[in-house]
Amino acid sequence: MRRSASRLPWTLIVFLAMASVPWIGSRYDAFLAGQITIDALFAVSLNLLLGTTGLVSFGHVAYFGVGAYVYGILMKAYGVPFVFAFPAAGLGAALFAAISGYFCVRLIKLYFAMLTLAFSQIVWAIAYKWNAVTGGDQGLPEIPYPDLGWMSAIPGCGDLSTGARFYLLTLVLVAVALAILHRIVRSPFGRMLTTIRDNPERAAFIGLNVRAYQLAAFIVAGGFAGLAGALYGIFSRGVFADYVFWAKSAEVIIMAILGGMDYFWGPPVGAAALVWLNQQVTDYTQYWPFVLGSLLLILLFVFPGGLVGGVVAGVSRLQRIIAGRDA
Amino acid sequence: MLEVRELHKSFAGFVAVGGVSLDVADRQIVAVIGPNGAGKTTFFNLITGHLRPDSGRVIFAGRDITGAPPHRICRMGMGRSFQRTNIFAKLTVFENIQAALLAHHGRGRNFWSRSEDFYRVETEELLVSIGLQDEARTVAGTLSYGNQKQLELGIALTSDPRLLLLDEPTAGMSATETHDALRLLERIAGERGLTLLFTEHDMEVVFAIAEKIAVLHQGRLLAQGTPGEMRADPEVRRVYLGATT
Numbered sequence: 001m002r003r004s005a006s007r008l009p010w011t012l013i014v015f016l017a018m019a020s021v022p023w024i025g026s027r028y029d030a031f032l033a034g035q036i037t038i039d040a041l042f043a044v045s046l047n048l049l050l051g052t053t054g055l056v057s058f059g060h061v062a063y064f065g066v067g068a069y070v071y072g073i074l075m076k077a078y079g080v081p082f083v084f085a086f087p088a089a090g091l092g093a094a095l096f097a098a099i100s101g102y103f104c105v106r107l108i109k110l111y112f113a114m115l116t117l118a119f120s121q122i123v124w125a126i127a128y129k130w131n132a133v134t135g136g137d138q139g140l141p142e143i144p145y146p147d148l149g150w151m152s153a154i155p156g157c158g159d160l161s162t163g164a165r166f167y168l169l170t171l172v173l174v175a176v177a178l179a180i181l182h183r184i185v186r187s188p189f190g191r192m193l194t195t196i197r198d199n200p201e202r203a204a205f206i207g208l209n210v211r212a213y214q215l216a217a218f219i220v221a222g223g224f225a226g227l228a229g230a231l232y233g234i235f236s237r238g239v240f241a242d243y244v245f246w247a248k249s250a251e252v253i254i255m256a257i258l259g260g261m262d263y264f265w266g267p268p269v270g271a272a273a274l275v276w277l278n279q280q281v282t283d284y285t286q287y288w289p290f291v292l293g294s295l296l297l298i299l300l301f302v303f304p305g306g307l308v309g310g311v312v313a314g315v316s317r318l319q320r321i322i323a324g325r326d327a
Numbered sequence: 001m002l003e004v005r006e007l008h009k010s011f012a013g014f015v016a017v018g019g020v021s022l023d024v025a026d027r028q029i030v031a032v033i034g035p036n037g038a039g040k041t042t043f044f045n046l047i048t049g050h051l052r053p054d055s056g057r058v059i060f061a062g063r064d065i066t067g068a069p070p071h072r073i074c075r076m077g078m079g080r081s082f083q084r085t086n087i088f089a090k091l092t093v094f095e096n097i098q099a100a101l102l103a104h105h106g107r108g109r110n111f112w113s114r115s116e117d118f119y120r121v122e123t124e125e126l127l128v129s130i131g132l133q134d135e136a137r138t139v140a141g142t143l144s145y146g147n148q149k150q151l152e153l154g155i156a157l158t159s160d161p162r163l164l165l166l167d168e169p170t171a172g173m174s175a176t177e178t179h180d181a182l183r184l185l186e187r188i189a190g191e192r193g194l195t196l197l198f199t200e201h202d203m204e205v206v207f208a209i210a211e212k213i214a215v216l217h218q219g220r221l222l223a224q225g226t227p228g229e230m231r232a233d234p235e236v237r238r239v240y241l242g243a244t245t
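In the order they appear, the protein sequences are chains A and B. So the first sequence is numbered by the numbering used here: it starts at 1 and just counts up by one. So the second sequence is numbered by the numbering used here: it starts at 1 and just counts up by one.
Because the hints were derived from the structure by calculation, they are not lab data. Predicted, not measured: the structure shown is a model, and the values here were computed from it. One or more of the hints may lead you astray.
[Claimed, not checked] Restricting the straight-line Cα-Cα distance to at most 20 Å, the calculated cross-link-like pairs of lysine to aspartate or glutamate (DMTMM-like) are:
#1 B/Lys90 with A/Asp198
#2 A/Lys109 with A/Asp283
#3 A/Lys248 with A/Asp137
#4 B/Lys212 with B/Glu229
#5 B/Lys90 with A/Asp137
#6 B/Lys212 with B/Asp64
#7 B/Lys90 with A/Asp262
#8 B/Lys212 with B/Glu3
Chain A with its partners taken away, still in its complex shape:
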């Protein structure tokens, strides 16, 4: 049973379901789907540190924010087209991750976490105060959509609004980014990161330069977070200092843990669950943080491996029951 279930091309099914939203869903559904898609990339980029390398970063939003601002500034001040500004956002965030990471990986555990938080607060302060470049508390409003006229040539896309077209572009770019991250996690490099997560002392004595690997993971994670940030800036039609506030770092950690940080697809599931819950709960009550806190508490006690961990455990228990009946 498990074999036939695991052979289903789940990623393709989810991708097609997400891609159909502009046609079958409302505008609001498309908005939620866009939010989930971008958060999924952001959460997976964080999980390269959290779940794969065992580094708890409290400041991952800094790289998301740097990506958003690099894109916003290039677009608004210099009119750089999307094809160049989008990769530049990733590179800018990766470069900043290289500089801040150089210092962060010199510390361990809680000290590492505190330093990442410190760097993200520095980015926030710059975003908030450097009016001339970042727009200060006004931010960079009215980030235009990239030119998506060419999508009219694709059958079925002719009638779609620019917003819906940008959602589809986002979906494709995030899918490609996730495919690359998936490959990195499964590579020998990814395997080395998991040994560092499990046991850094031992990892050093199988011949690994632990800090160099941690820094490399930090740079890759920062770069992909920057890409997510750039997409988010366009998606929300503006880049604001709020994006870099530390609370968003906490939110993305919650996504990863809620979905299950031991699984590649855990953080996207967590992102979807959090966005959906947020929307459902705020319809009924303004005490959203209270409800979220309670839900998290229950989930973490019932499913210590997150939602995906819970499903995996449930499926294997079901298998044992079926196998027991057969025997």
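Given chain A's structure and the hints, the job is docking chain B onto it.
Chain B in isolation, oriented as in the chain A frame:
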């Protein structure tokens, strides 16, 4: 093979290792013994680069490795096992060995191929050699203590070391496990022509396999020599052996 010259290390005024010199010849099996707190683990950490000595020299295979980082020393052909078991708990037994082989062959920079395709045959062979082939798919953290120690030895062997440092290789093992572990160690050391340097508190183990014994006491080398000489040494008997034999 290994020359240690006048090694010193103190922590906030406390002298953990105070001027220890030791020679280990090629293919020799050398035990470092001493009561708890004698500085055995610190001494190992100074050799393998996990700690920097305050003064003194460590020369390995003719090269001065004093103060070099652990990953570099490991690559020169020194393997190590740790006192607390040091495996990759969330990976399977197979993945533990495979990962160590990837690291040893410098494949860690490859971020585009599938890691599971590498060194399958070599991993399988090494698992057979350490007797863990039946546990290949087991998650390492769930293995029995003795098996974890076996796996740790396997990880240490992936770098094809010439010198293997073992910190209390039989600590916490039952009598049968200890016996099996010694058999395994002797066989592997023989097959691969390894030089062994190990710490141990179990005197039976020490006298069973060591060719040379160095006695540490309060950070200083009290005596060194063959097992027979150490047994006869009145000073050694007084501080250490007296209680156990």
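Hints, one by one, checked against the model:
{"no.": "1", "hint": "B/Lys90 with A/Asp198", "result": "7 Å, holds"}
{"no.": "2", "hint": "A/Lys109 with A/Asp283", "result": "38 Å, violated"}
{"no.": "3", "hint": "A/Lys248 with A/Asp137", "result": "17 Å, holds"}
{"no.": "4", "hint": "B/Lys212 with B/Glu229", "result": "9 Å, holds"}
{"no.": "5", "hint": "B/Lys90 with A/Asp137", "result": "45 Å, violated"}
{"no.": "6", "hint": "B/Lys212 with B/Asp64", "result": "23 Å, violated"}
{"no.": "7", "hint": "B/Lys90 with A/Asp262", "result": "10 Å, holds"}
{"no.": "8", "hint": "B/Lys212 with B/Glu3", "result": "14 Å, holds"}
Taken one by one, the earlier hints fail for this structure at numbers 2, 5 and 6, listed in ascending order.
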